[in-house]
Amino acid sequence: MSVENWTCPMPLRDHPAIVMGHGGGGQLSAELIEHLFVPAFGDGQLTELADAAVLDPGGPISFSTDTFTVHPRFFPGGDIGELAVNGTVNDVAMRGAVPRYLSVGFILEEGLPMAELGVIVESMARAARHAGVTIVTGDTKVVDRGHGDGIYINTTGIGIMRADADIRPQRAQPDDAIIVSGTMGDHGMAIMSVREGLEFESSIASDSAALNHMINDVLDTGADVHVLRDPTRGGLAASLNEIAVAADVGVLIDERSIPVDRTVAAACEMLGMDPMYVANEGKVVAFVPADDADLVLKAMRSHPEGANAAIIGEVTDTHRGMVAARTPLGATRVVDMQVGEQLPRIC
Amino acid sequence: MKYLDEFRDPDLALQLIDEIAAITTRHHVLMEVCGGQTHSIIRNGIDRLLPDDIEMVHGPGCPVCVTPLETIDKALEIASRDGVIFCSFGDMLRVPGSGRDLFSVKSAGGDVRIVYSPLDAVQIAKDNPDREVVFFGIGFETTAPANAMAVYQAEQEGLTNFSMLVSHVLVPPAMRAILDSPTNRVEAFLAAGHVCSVMGFEEYLPIVEEYGTPIVVTGFEPIDLLRGIKAAVLQLEEGRAEVENAYERAVTREGNLPAQQMIDDVFGTIDRNWRGIGAIPQSGWALSERFQTFDAAERFTVTGIDTVESPLCRAGEVLRGTLKPDQCPAFGKECTPRTPLGATMVSAEGACAAYYLYGRFREMEAKP
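Quick note, the sequences are listed as chains A and B, same order. FYI, in the numbering used here the residues of the first sequence are 1 to 347. FYI, in the numbering used here the residues of the second sequence are 1 to 368.
It should be emphasised that the hints constitute simulated quantities derived from the structure, not laboratory data. Any given hint could turn out to be false.
What the hints assert, rightly or not - For each label pair, taking beta carbons as the anchor points, the in silico distance ranges come out as:
#, chain 1, residue 1, chain 2, residue 2, range
1, A, Phe63, B, Asp127, 36 to 46 angstroms
2, B, Glu6, A, Arg13, 55 to 65 angstroms
3, B, Leu14, A, Asp317, 25 to 35 angstroms
4, A, Leu49, B, Leu119, 45 to 55 angstroms
5, B, Asp82, A, Gly330, 52 to 62 angstroms
6, B, Asp82, A, Gly25, 28 to 38 angstroms
Unchecked claim - The list that follows gives simulated cross-link-like pairs (lysine to any residue, SDA-like), each with its CA atoms no further than 20 angstroms apart:
#, chain 1, residue 1, chain 2, residue 2
7, B, Lys106, A, Gly146
8, B, Lys230, B, Ala250
9, B, Lys106, A, Glu341
10, A, Lys141, A, Phe68
Said to hold, decoys possible - Short, incomplete list of chain B residues facing chain A, as computed with Cβ under 10 angstroms:
#, residue
11, Pro10
12, Pro222
13, Thr336
None of these values were measured; they are calculated from a predicted model. Each residue gets a CB set at the ideal place from its N, CA and C atoms; glycine is no exception.
So here's chain A without its partners, still in its complex pose:
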């Protein structure tokens, strides 16, 4: 659904853009909920319009929150809405839980076109249905024009823990195989390709995707998965460094085995960036016992979002707390965390 083709529900047509009143708690707020949020999200408790949802998860839960700000709001391969759903679904799933419920908080900037909000909301609803989660509660605030970047979305997710899962960074141990579920850097470069001042023509699309079904299948294989992490901001390099420190182990990866899409690699070359540091929104890095690696790979590859899964390295008991990479020429180098964001080079 594109912004141009979105059909505004009748009662909302008086306002082609968000006004302060949409967050004021009065009639305009009510109309927004009744005609936009409830029809899109309303297959659960949201329709009751109560102050809070009542849940009965029936066991230990995994619980995570994330706030989404992205510019531009619509980018090749996705938009801020599906990102906000997939991002939290993935965080919850990284502990080995089955994501079930989401809350959604919007901060809207006065003047945001209603059609954009409409498309974002429908995109969130679609992503939630695909991931099998229900949006059970929400909130909307409006800030003065100039005090926000159109729309910020917070989502909080709850998942039911699988009884067989004990997945956390501290469990990484020497001889674990390190697997990534696909190509690195797609999301960050997709955003970069449409960012003002840096636009370049490309076919790169964000990898934004919910990974919970794939992870469920991985765990169903019976593999003793030690660590799962979605390498979002800071990319693969940040995730590996965090795990190396948390578990006090060394991480050794083989640069050549890291899957990178050709176009992403070319764009990174052009801008002087390293795909290892570029954000992903639909990938997971897994630490599993070497004996389970093939099982995990096979389960990942049976899903479209894991089609390019590959073993990229191993855990060592040397250089603890650090990540090292074997270069194609056979030398070894340190893979550090970035200090700030990666910046395009000069020439």
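With chain A held as given, fit chain B onto it using these hints.
Just chain B, lined up with the frame of chain A:
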């Protein structure tokens, strides 16, 4: 990736390293001029795979590293002003001026934008007629054609709200300055391939003749670098000194003539201060008289600049090739990418950054 993979072929690289080892009979000091080459050498570990007798020292070819502190402070001041949109290559934003960088100006409310091409800054000027748009036009010969084109285009379109803070520097005068230095150890240069793709390599002939120093035009991928190194070593071993082109796929003898024409039209040669190195005569480009009105240094009066360079930073020696980054007492201690004392620690082309990012495994291996 087609057209890159073949220049990263590990088997071919190891073969070239063997060939270099076979022709090396004594110690040689080679300088790669460009910071992009430095990063490629360190990142790929080429310096460690070469025979011990081949010593690579890293040159001054990092544009943000040699941009004078005074110019950076000027940029920071202009970028802080109301009504100004300050556009820059991304690499410049983290470079420390006297106490702050463009990122801190941005966070304090300055409108600082990263662009990939100076022509994007011209577009921003067109889109914002009520704002002054300033582009930070720095770099070696490589970025000059696009910077010149931006000024030219702004003139053609009659833009009165676009200007450029120019700090262009040139490779040949820097090579001479290095060779003239009493502490110089460099015996041969790997010239910067990108610079030569614009300028060709005829301008290096007089240097080779005068100093008897081999100059090999060299690219950036491992195979490119190793071919350049091999050609330079061979010249030294055979007692020859010539200009040689080991980056044939991108560089011709005469270079890119239309680009040179554009540079000639827009820029004129001047004396220039290099950060950490000092004044080098006739080593820079500034806007020519015809384009003076686009000179941000003229348009914005900036006074009261009091430059303060860290007393611990020895970037100048690193840029001249007389000090290795990890020989600097502040390296990895007071000076890291998080707390850079000099530009060489932050730039994607800075030698200190390359050593810090990629080089520390050496220490790690030494004490496991």
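- Run the structure past the numbered hints and jot down the numbers of the failing ones, going up. The structure conflicts with no hint, since it agrees with every one listed earlier.
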